[in-house]
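Each chain, letter by letter, is given below.
2 protein chains.
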Amino acid sequence: MLEALLKPGNIAVVGASRTPGKVGYEILSNLQANGFGGGLTPVNPTAAEILGLPCKPSCKAIGTSIDLAVISVPTAAVPAAVDDAIEAGAGAIVVITAGFKEVGAEGAGRERALAARCRSRNVRLLGPNCLGLINAHHNMNASFAKHMPRKGGISVISQSGALLTAILDWSAERRLGLSKLVSMGNKADLSETDFLEALADDPDTKVIVGYLESVAAGDAFIKSAEEAASKKPVVLFKAGVTAAGGRAASSHTGSLAGADVGYAAAFRRAGVVRAERFETLFDIATAFDMQPLPRGNRVAVLTNAGGPGIMAADAIELSGLKMAGISPAIADPLRKVLPAAASVNNPVDVLGDADAGRYGIALEGVLKDDGVDAVVVILTPQAMTDAVETARAIHAAAAGSTKPVLVSFMGGDDVRAGRAALIDARLPDYPSPERAVAALVAMCEYSAWLRRPPRVVTRFPVNRRRVERIVQRHIRTGELQVGEAAAKEIIQAYDFHIPPGALADSAQAAVEIAERIGYPVAMKIASPDIIHKSDLGGVKLHLNSADAVRDAYDLMMLRIPQRVPAARLQDVYVEKMCGRGREVILGMTRDPQFGPMLMFGLGGIFVEVMKDVAFHLAPITQEEAMQMLESTKSFGLLRGVRGQRSVDVQAIAEALQRISQLATDFPQITEMDINPFMVAEVGRESVAADARITLAKE
Amino acid sequence: MLEALLKPGNIAVVGASRTPGKVGYEILSNLQANGFGGGLTPVNPTAAEILGLPCKPSCKAIGTSIDLAVISVPTAAVPAAVDDAIEAGAGAIVVITAGFKEVGAEGAGRERALAARCRSRNVRLLGPNCLGLINAHHNMNASFAKHMPRKGGISVISQSGALLTAILDWSAERRLGLSKLVSMGNKADLSETDFLEALADDPDTKVIVGYLESVAAGDAFIKSAEEAASKKPVVLFKAGVTAAGGRAASSHTGSLAGADVGYAAAFRRAGVVRAERFETLFDIATAFDMQPLPRGNRVAVLTNAGGPGIMAADAIELSGLKMAGISPAIADPLRKVLPAAASVNNPVDVLGDADAGRYGIALEGVLKDDGVDAVVVILTPQAMTDAVETARAIHAAAAGSTKPVLVSFMGGDDVRAGRAALIDARLPDYPSPERAVAALVAMCEYSAWLRRPPRVVTRFPVNRRRVERIVQRHIRTGELQVGEAAAKEIIQAYDFHIPPGALADSAQAAVEIAERIGYPVAMKIASPDIIHKSDLGGVKLHLNSADAVRDAYDLMMLRIPQRVPAARLQDVYVEKMCGRGREVILGMTRDPQFGPMLMFGLGGIFVEVMKDVAFHLAPITQEEAMQMLESTKSFGLLRGVRGQRSVDVQAIAEALQRISQLATDFPQITEMDINPFMVAEVGRESVAADARITLAKE
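Protein chains in written order, with our numbering: chain A, 214 to 911; chain B, 214 to 911.
Since the hints were derived computationally from the structure, they do not count as laboratory data. Accuracy of the hints is not assured; some may be wrong.
Because identical chains cannot be distinguished in the list, a pair is counted as satisfied if it fits within a single copy or across any two copies.
In the DSSO-like style, the derived pairs of lysine-lysine whose C-alpha atoms are separated by at most 30 Å in a straight line are [claimed, not checked]:
no., residue 1, residue 2
1, Lys235, Lys549
2, Lys364, Lys445
3, Lys549, Lys314
4, Lys824, Lys846
5, Lys364, Lys314
6, Lys220, Lys273
7, Lys220, Lys436
8, Lys535, Lys314
9, Lys581, Lys910
10, Lys616, Lys910
11, Lys746, Lys419
12, Lys419, Lys910
13, Lys789, Lys220
14, Lys273, Lys314
15, Lys581, Lys445
16, Lys846, Lys535
17, Lys364, Lys436
18, Lys549, Lys444
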């Protein structure tokens, strides 16, 4: 996949220049200087030779077919250069040149034309407005970044070219090995989706790292990310988390879904490890690259200093990992060989005068302990410390184990050589114990994700045609805000229980309905123009008699027009009062990138004041629905506290799955709230007490 | 202060050794090698000369009076060495030797004796079990850590010696200037309190940095930390935050106060800047050391790359700082001198090909903007980048401003020289924009703390003698769990409103009380053996008639003995039902280190499930009480949501102040809950509906 781009045989550098410093010179020079082994032709109509290579006036003039054209010519000349490259048989084209989407609408038009031109000829396009790409294992630096990284297992895709230069520079200092580096630029054609697919199958890539500001297409991203994550770790940093969403929302669910909620849900679904901070991105990637995955979350800490050991223990406990207990079978023999003042509890403290041998013995011991899943080794530079020898001893002890070992050599010059020895021995090293633990947390989470049960989305038997009819009718008449009565019809067709009720167009009709369904009843105004019914006196509860129903009807018809003169009052919805239950809110909104997103929260203040809600992308499985419930702080209330009985949690999980199915079946439904959903005790019926649906014009 | 320790004239190194690698050799060698200018005498009865210095058999034998003795002799010989040093006139003694409190009870006894010996002679003791100390400005390295730091403004106190060696090593690599470094060891005498006092007045110290695992004395710590923080920034890292508190608690308040709550409250009170992670400690300290404090929290970002600019903006918004708006008066002229593609919005993007000059012009511009309080400057290494020149340009532009400038040069070798130039120009540099922002957050918080209004603790007129009598009576009779009736008497004496009520010892008496105070009434069992009354059927509410009262009384007397046969049932408390109101819980517990700590939370589930509570040390001011309320997530509920009216928030704030006064007046009160405190609407009376107090034996 993407062979022509990532492993080309023949490359044309279009816009090659004789002037050092110019992009067209630097790219050619970088390809040549780093030993690219394929054919390399500078293309420039005004030069005969550049950097000792014979120059051609066009790609076609090269004569032989090219695989890849790297184009850096003035913006206006790009279309012709692309055409030329296509004619010359290029399978892939990199457009370095800027001046497209990033400069406004006109540029965006040029960019769309460029992409269409390539697509129509089955040629893949990287960029425009990018730094180029590097494949260390192919000795190819087709970028204008001058560093060529060490060969290694970490591939990086980035929506920021500048960040790639910083990463290259930084990784050289850290002796880190990299595989592919791709600057995606404006992503006119090739995007993260394509590279996730390609790198997932790339044997030279052990870990995929990415810097993203957006994704090109939500569904495709999730699919390719999940497939990639099933094969190797995908670690992404998403910038722009606080960007104002600017989303107009008419539902609770919509207004509670912030800009970042979609990305968080998508990453979770796809098994993507999310780096919350930039430094964390490579902290985590390095751990994945160099060490095996932990099988559990019990961590032992090995240190020559008490303070940093406590730091590690704090970080472990705070992050939800566990401090392992060291079993007597391991601790007792260790105690005999370590000095008396050493501690063989966790943290295992080999003392400030520990030499390499003591580290080796202790590490070998704790790695053998069945109660230990991973080890964090800490070293501070003391008088007796030999950092390099200790690094070797750690390597020797860790080599015999399938458990991950992460290291923190704290300090500066005294541990520099030791750090290099660690990295060369593929032991990830961190400047503080806390950063080692943070990387380990990511490993544990990914490891748990890999072991997750298969996702099985239940398809419930439902009355889809009935919903089809209601939805079509509303769209036809332009009633995109579906009121309570019709919304309840819709969810009833998806097997939600709703209280018996009907619309009444007169006081007398209301009384008749009430008499038929039985008291007490609730009455709610039905109007496409009124969303917050209760704020306007449009809701009356606990009505116990015909008189009360009549009074309520007449008062609504009298007062609401006074308050909202323009409101079209169609009917009043009369329904039987629900039994008691815990109020929760269930909802759905569509994320602009990732589509239908489900929401759950406990009713009223828990949602409105505490913002204690959970989101999950549809379609959702039973397990995911339960995880969603459990991820709210207020979940404990559903389980019953202080003598209250547990409510029917399964009913909520199933309701979420039914909403998931409804949202998947009907893309016309853009938002919905079931608020409240009255959850009964186990064994009793839970009921949707109110519902609201928003449709999109088709 | 501590002159003999921190700036001694004559030093004796007791236990000086001829063997390199031995502590007694290293200390002498470090003192000598780093140019200590005072008198320096090795003390060793078996040597005539060490490192060219004439050796003495004892301190007394030196003849002239010494200021400081640094002792590293075997544990058993320490007491005699200390005596000798005292005899020789030492004003301060450092005991490097280990084998004291850290090895168990016997060692702790030795340590207490040592401290007492010094105290009785007015000699200050550092250690035992420490690394020693360094005063860079005094050319004194009286430690066995071999690095001597650059002279600078950051002083470090540490409860971990190993961490100091790591800090020294690391600071050398980072070219960071330090002032004093003190390894406090077991803190037998001198502790953080003493050093906070001394360093607060030390003209060579600009910032105090500390690593603490515990404090020696809570009150003294708060006092000295607050005084120091009023003079210069105090930045502390507290390890052991997850240590199991192991505190037995009979109140809600007590059980909700975790191990770290006391430290958090104490640091907040004292204006201590808390570093949550170890790396942050020096990130923050460096910013304080090198840059002026910001006057507000509006931040401008200046970058040559879009991605890192977004990172900075994310970090700023997420941390509660604000992205500054660049005013047209600044932006318009900038736009004219920057390339067309540059952005003069915030982040200000000077583009990848920016040279030093462009950085300088842009930085000078945004620093002049009245809407900008601080600037974060980001550089990624691009083809045109000259990191050293850019560092100089940033320095030149920042030099004319009183606003802080924090820098992130991202990358490795390409920016190394630029980084050094930044540090030398006193511009703090960070490996990622996020770390620069985190340091800036700390600066903003400290700056706000310095500008806080003066703390005025209100003393309310109360009936202290009445409480005295009740407390004494309970302690005398051993009734340390004060039941509802007496607890309400106590808080009534501190002017809490309580519902009218009285204890009844028979059904008839209960009815008489109910008739007198009026229906409806509540009845609650009174027994020193029953804490959770309602769980046992010991609470009946809304009783409306004599019959109901009689039934309730008899049922309690019948059933509770069946459930808790051993419970002593004294009486039943009959009281008038409170009016409606919002239930909150107010409480007090005593932190083992920092004394009385107040708690506030919304009643019921908010406390029990959501753990949405706030703590604050007593005594508390009106402003602090309000901040406490506002710091809970559920505070919005008190302000009134969705048509509900706001409750009397002032009444809660005042109640907290009255509890604060009660807890300060009566150290015998170890815990109390007022649960619920029924807060009424503004203008109505808020009432303590239930109360419980725990006393300590005196």
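Hints, one by one, checked against the model:
Only between protomers do Lys235 and Lys549 lie at most 30 Å apart by alpha-carbon distance; the minimum there is 25 Å, versus 67 Å within a single protomer. In this assembly of identical chains, the alpha carbons of Lys364 and Lys445 lie at most 30 Å apart only when taken from the same copy (18 Å versus 49 Å across copies). In this assembly of identical chains, the alpha carbons of Lys549 and Lys314 lie at most 30 Å apart only when taken from different copies (23 Å versus 69 Å within one copy). In this assembly of identical chains, Lys824 and Lys846 lie within 30 Å of each other by CA distance both inside one copy and across copies; the values are 10 Å within and 9 Å between.
Taking the shortest Cα distances, Lys364 and Lys314 never come within 30 Å of each other, neither inside one copy (34 Å) nor across copies (52 Å). For a Cα distance limit of 30 Å, the shortest separation of Lys220 from Lys273 inside one copy, 21 Å, qualifies, whereas the shortest one across copies, 80 Å, does not. With identical chains, the CA atoms of Lys220 and Lys436 are at most 30 Å apart within one copy only, with a shortest distance of 25 Å there and 67 Å across copies. Proximity of Lys535 and Lys314 under a CA criterion of 30 Å is satisfied inter-copy only: 29 Å between copies versus 49 Å inside one chain copy.
For the homomeric pair Lys581 and Lys910, neither the shortest alpha-carbon distance inside one copy (63 Å) nor that between copies (50 Å) is at most 30 Å. Neither within a single protomer nor between protomers do Lys616 and Lys910 lie at most 30 Å apart by alpha-carbon distance, with minima of 55 Å and 53 Å respectively. With identical chains, the CA atoms of Lys746 and Lys419 are never at most 30 Å apart, being 56 Å at best within one copy and 61 Å at best between copies. For the homomeric pair Lys419 and Lys910, neither the shortest alpha-carbon distance inside one copy (46 Å) nor that between copies (65 Å) is at most 30 Å.
Taking the shortest Cα distances, Lys789 and Lys220 never come within 30 Å of each other, neither inside one copy (69 Å) nor across copies (85 Å). For the homomeric pair Lys273 and Lys314, the shortest alpha-carbon distance inside one copy (28 Å) is at most 30 Å, but the shortest distance between copies (83 Å) is not. Taking identical chains as interchangeable, the C-alpha atoms of Lys581 and Lys445 lie at most 30 Å apart only when both belong to the same chain, with a minimum of 27 Å there against 50 Å between chains. In this homomeric assembly, Lys846 and Lys535 come within 30 Å of each other (Cα to Cα) both inside a single copy, at 21 Å, and across copies, at 29 Å.
Taking the closest pair of Cα atoms, Lys364 and Lys436 come within 30 Å of each other only inside a single copy of the chain (29 Å); across copies the shortest separation is 57 Å, beyond that limit. For the identical chains of this complex, Lys549 and Lys444 are neighbours neither inside a copy (44 Å) nor across copies (51 Å), given an alpha-carbon limit of 30 Å.
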